[in-house]
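Please model the complete structure; the sequences and the hints are all you need to start from.
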Amino acid sequence: MRGHAVGVVVHANKNPQDRHFDILNHVDYRLAETDAEKEDIYQMRYRAYLNEGAIEPRADGRLTDRFDDLKNSWTFGIHIDGVLASSIRISVATPDNPVTPAVDAFPDLLEPELARGKIIVDPNRFVAEPARARRFPELPYVTVRLGYVACAYFQADLGTATVRKEHQAFYRRVFLQNPLCEPRPYPTLTKPLSLMAAEYAVVRDKIFERYPYFRSTFFERRMLFERRHASPTDTIVSLPEPAMNVASIVPRG
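Taking the numbering used here, the leading residue of the sequence shown gets 4, the next gets one more, and so forth.
Just so you know, not all the hints are guaranteed correct.
Straight-line C-alpha distance at most 20 Å; calculated DMTMM-like pairs for lysine to aspartate or glutamate [what the hints assert, rightly or not]:
hint, residue 1, residue 2
1, K74, D107
2, K74, E229
3, K74, E36
4, K194, D107
Quick list of the computed label-pair ranges, beta carbon to beta carbon [as the list claims (entries may be wrong)]:
hint, residue 1, residue 2, range
5, E114, Q158, 16 to 22 Å
6, K168, V206, 17 to 23 Å
7, V205, A172, 17 to 23 Å
8, D63, V86, 22 to 28 Å
9, Q158, R213, 20 to 26 Å
Since the hints were made in silico from the structure, they are not lab data. For clarity, every value in this text was computed on a predicted model and none was experimentally measured. Each residue gets a CB set at the ideal place from its N, CA and C atoms; glycine is no exception.
Now the structure itself:
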């Protein structure tokens, strides 16, 4: 589905999370498929990581790795009012296709889960343009929402996060994830990361109650993750979630 984007149009009653709902009116989730789309994201990654002191300066001004081109990885650009604001890569590990950044960095913790037949959704490479992140404090939430859309589509057993220690509180609060180890060295980054995880089926309803805009429709999930070629596992069939009364999903672009 080259050049495809999914926009989220929300009509919500007033509630404490109005700003999160309101920003979704301006958000497009775009799967990076063209060389130009990917290059914009690789350069943004570099700027974001360099701004945080998480990488050393590089002459080419871009950051990519071998996982970007794998069939079980989806790299998205999150656009606000048509401008690229953030990005996240969703990798999906299954027993038949276990290669993701989290499994590679934490094999002792995740390979036993795969051996038990588990499906692991591994969101990674979450970055944001510093200026856009300051302007839109909701940006982390609308970005990591894609991890939950992926968990629903792939019927995940586990959702993971590879994060710096100072970011653990966000993932504990939003995703009810717990750290599984102390921070470890992580490829391409100068700062160590820890692995956090939660069982999707156990925490899903609690998270939807707190963050109802994390819900997705069957249509949105298919538009974002269904490919013309085989998905990471041919046996996956996305099942409906509880109805998303607060939003309707429409294609754009």
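We went through each hint and held it up to the structure:
Among the hinted pairs, K74 with D107 is consistent with the structure: their alpha-carbon atoms are about 16 Å apart, no more than 20 Å. A hinted pair counts as satisfied when its Cα atoms are at most 20 Å apart, and K74 with E229 qualifies at roughly 12 Å. Taking the CA atoms of K74 and E36, the gap is about 12 Å. The hint holds against a cut of 20 Å. Taken as a hint, the K194 and D107 pair is honoured in the structure, with Cα atoms around 17 Å apart against an allowance of 20 Å.
A beta carbon spacing of about 20 Å between E114 and Q158 agrees with the range 16 to 22 Å that was offered as a hint. Against the hinted window of 17 to 23 Å, the Cβ-Cβ separation of K168 and V206 comes to about 21 Å, which satisfies the hint. Look at V205 against A172: about 20 Å separates their beta carbons, and that is inside 17 to 23 Å. Between D63 and V86, the C-beta spacing of about 23 Å keeps the proposed range 22 to 28 Å intact.
A C-beta distance of roughly 22 Å is found between Q158 and R213, which places it inside the suggested range of 20 to 26 Å.
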